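**Q** This is what each chain is made of:
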Amino acid sequence: MAAVTRYESSVIPADFMTNPTPAVRESVAPRQFHSTVPVVAVFIVSRLLLVGVGASTLVWNGGHFDSFGELVSLLARYDAYWYLGIVEHGYSAIESPDQLGASNFAFFPVFPLAVVATKAVLGISGAAAGVLVANLAFLAALFLVFRYAMCLGLSPATATLAIVLLAAAPQSFVFSAVYSESLFVLLLAAAMLALRQKWSWTSGVAAALLSAVRPNGFMFLFFAITHLFCSDRWYDALAGWRRPERFIPIVMAPLGLFAFWWFSYLSTGDAFASMTTNREGWYKTLDWPWSNIILALTHPEHHSRYFMAASLVFFGFSLLLLKYRCVEEFCFCLASFLLFWSSATIGISLVRFSITLWPIYIGLARALETRPGMAAGVTGGFASWNAYLMTQWALGAGNIAL
Amino acid sequence: MKTTASGRPSESGRRPARFALLAGLLGLGLFQVASFAYFLSESRDFLLAQAATSMAAGEIAVPGEVFLPRCLGPQVPCGTRTTGCFACLRSGWGGPFRFGVMSQRRDAVIALMLPVTARTDGRDLILVLDAAAYAPPALGKRHLKVAANGTPVAELEFPAGDPRTARFISDDESFLHRIAVPHAIAAERSILLLTLQMAVASPRQLGLGSDPRPMGFAVRKVGLYFEGDDATAAATGR
Chain A
0 MAAVTRYESS VIPADFMTNP TPAVRESVAP RQFHSTVPVV AVFIVSRLLL VGVGASTLVW
60 NGGHFDSFGE LVSLLARYDA YWYLGIVEHG YSAIESPDQL GASNFAFFPV FPLAVVATKA
120 VLGISGAAAG VLVANLAFLA ALFLVFRYAM CLGLSPATAT LAIVLLAAAP QSFVFSAVYS
180 ESLFVLLLAA AMLALRQKWS WTSGVAAALL SAVRPNGFMF LFFAITHLFC SDRWYDALAG
240 WRRPERFIPI VMAPLGLFAF WWFSYLSTGD AFASMTTNRE GWYKTLDWPW SNIILALTHP
300 EHHSRYFMAA SLVFFGFSLL LLKYRCVEEF CFCLASFLLF WSSATIGISL VRFSITLWPI
360 YIGLARALET RPGMAAGVTG GFASWNAYLM TQWALGAGNI AL
Chain V
0 MKTTASGRPS ESGRRPARFA LLAGLLGLGL FQVASFAYFL SESRDFLLAQ AATSMAAGEI
60 AVPGEVFLPR CLGPQVPCGT RTTGCFACLR SGWGGPFRFG VMSQRRDAVI ALMLPVTART
120 DGRDLILVLD AAAYAPPALG KRHLKVAANG TPVAELEFPA GDPRTARFIS DDESFLHRIA
180 VPHAIAAERS ILLLTLQMAV ASPRQLGLGS DPRPMGFAVR KVGLYFEGDD ATAAATGR
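Protein chains in written order, with numbering that gives the first Met the number 0: chain A, 0 to 401; chain V, 0 to 237.
Please note that the accuracy of each hint is not assured.
Unchecked claim - Footprint (simulated), chain V over chain A, 3 or more residues, beta carbon under 8 Å:
no., region
1, 245 to 255
2, 358 to 372
Stated by the list, open to error - Quick partial rundown of chain V residues pointing at chain A, CB under 7 Å, derived from the structure:
no., residue
3, PHE38
4, ASP44
5, PHE45
6, ILE178
Calculated from the structure, these hints are not laboratory results. Nothing here was measured: the structure is a model prediction, and the numbers come from that model. Ideal Cβ positions, reconstructed from N, Cα and C, are used throughout, including at glycine.
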């Protein structure tokens with residue numbers, strides 16, 4: 000068994016990540032308390048570096064960065080105003096005079112609700128509460144992603160590499176901004192981890208919340224259904240009366256989305272208000288993914304080509320999950336990418352959407368674990384890309400940092 | 000409840016709880032399916048309803064100029080709040096040149112983003128095209144078929160050009176062509192897809208030069224107005 004715990008690819012069984020031996024589970028379990036150090040270190044170092052880059056950019060360009068308010072201001076930009084509008088005034092069907100057809104129904108409710116609760120409890124501003132919620136969620140998400148990687152049988156070093164990649168990923172500064180991405184990563188990790196550990200109710204509740212965080216939250220269904228069929232023979236999987244608890248996450252996953260639809264219907268008469276306002280205000284209409292991919296890649300404006308090409312790169316990384324037989328995780332990523340590409344007439348924000356698909360980093364870390372030079376190169380590349388985008392974000396050059 | 004020797008519920012004792020859970024899950028699933036079906040049948044576009052209500056109450060004025068895109072330069076996919084474009088050259092177009100943009104395929108498509116007022120007002124719309132055909136004498140009269148959301152709305156004719164002067168000509172000096180778009184077509188969806196159909200040919204094919212690019216017609220501007228308000232087009236068209 001010692002050969003297995005060396006984590007060398009040549010001695011690891013093909014299904015090692017999805018079906019580690021009991022001995023491996025035992026060997027990694029006592030070490031789980033060690034996750035605190037790498038996770039907290041990765042969180043602090045990555046956030047400090049990003050804020051440092053943002054602050055330096057502001058100061059270099061004649062701005063100021065000498066108060067907590069400046070920090071909050073740096074992290075509350077672009078879509079943050081939509082979330083803060085919901086926090087301050089609730090949902091409104093009135094379209095924005097500056098952006099016809101756009102309303103805050105395009106933004107899902109769980110993140111602003113968490114900000115409202117934090118604001119009420121701590122008595123701080125909405126923006127400060129938003130920054131706090133996002134960062135706490137990201138810290139917790141790093142813990143769960145680490146745990147998930149360990150649950151798949153990866154070594155602590157590889158699990159650490161996975162969270163380093165997540166924290167360094169291009170545009171990962173949004174995990175600290177007043178955006179819902181960090182909460183999405185947290186709930187996705189919670190739902191997936193709980194499902195793998197057979198905590199059906201926990202997984203179901205996390206999945207239900209997840210589908211009310213971002214539009215692709217309900218894609219967790221693809222993970223849950225694939226997991227059902229991967230862990231059982233198909234006829235056992237369909238025999239719901241034998242172990243109905245396996246269906247709890249599947250049935251509960253869309254609940255958050257339906258709750259938001261009901262709220263939208265009762266307040267506007269349009270259950271699909273989110274889609275309506277996305278169509279009218281942001282011109283996001285569904286089309287075949289390949290049409291949008293070609294359209295964006297042949298677009299004369301460089302940022303459209305950039306966003307689409309970057310999402311394709313991340314999709315390429317996600318194929319590593321297949322190599323390591325993480326079929327469930329890959330199905331989730333594939334379904335999410337198809338949704339992104341179908342609704343992205345112009346590829347804007349595709350990088351931000353892609354980086355939330357954190358199982359990609361587990362596959363990537365697994366591929367890089369025996370190649371330290373390449374791992375350093377990829378991490379450095381991610382970090383440099385991220386730092387550049389942070390400068391654009393700080394300068395308000397929104398085209399590429401949205 | 001039946002229990003085992005260790006005090007845990009036996010298999011037969013757990014069965015009612017299992018079936019209760021299964022029934023609960025089935026009920027929850029059916030509720031979601033029924034909700035979705037209900038939403039599909041009862042849900043109404045809230046922005047359309049909002050615009051109609053506001054217009055009826057006189058809270059918002061209907062602008063005379065409903066729509067005048069600011070960019071018909073390079074091909075711009077729809078939906079860019081960052082560039083402020085409300086129209087896009089969807090397919091079949093070449094890069095911009097001095098006059099405007101040139102169709103390079105038989106079917107060239109422009110997508111116009113319609114504001115909700117264009118769909119709720121009830122009046123027909125007037126599409127104003129600032130366009131000229133590539134019409135060397137060898138091609139004879141040129142015909143441009145215009146379809147809105149797949150429905151033919153006009154066929155324009157361009158006379159053959161004089162070989163000694165401009166190669167791009169229109170049927171009048173203003174280059175403006177007014178095309179009626181029935182309200183029913185505009186009300187269908189938030190995007191008005193204009194398919195402009197004209198055969199293309201390159202100067203090289205016609206022996207008129209070395210330029211290999213296929214050319215059909217050129218568009219400089221496109222506007223959309225309510226019927227009766229399109230007089231403004233004459234003032235702003237060129």
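**Q** If a hint holds in the structure, say so; if it does not, say that too.
**A** Okay, the hints, checked on the actual structure:
Restraint check on the region 245 to 255 of chain A versus chain V: 6 residues with Cβ-Cβ distances below 8 Å, three needed, restraint holds. Under a criterion of three residues with beta carbons nearer than 8 Å to beta carbons of chain V, the stated coverage of the region 358 to 372 of chain A fails, only 0 such residues being counted. Here the hint on V:PHE38 is kept, as its CB sits about 4 Å from the closest CB of chain A, short of 7 Å. Given hint, V:ASP44 at the interface with chain A, holds; its Cβ is 5 Å from that chain's nearest Cβ, closer than 7 Å.
Evaluation of the V:PHE45 hint against chain A yields a held restraint, the C-beta minimum of about 4 Å falling below 7 Å. The closest approach between the C-beta of V:ILE178 and any C-beta of chain A is roughly 23 Å, which is over the 7 Å cut-off, so the hint fails.
In terms of the numbered hints stated before, the structure departs from hints 2 and 6, listed from lowest to highest.
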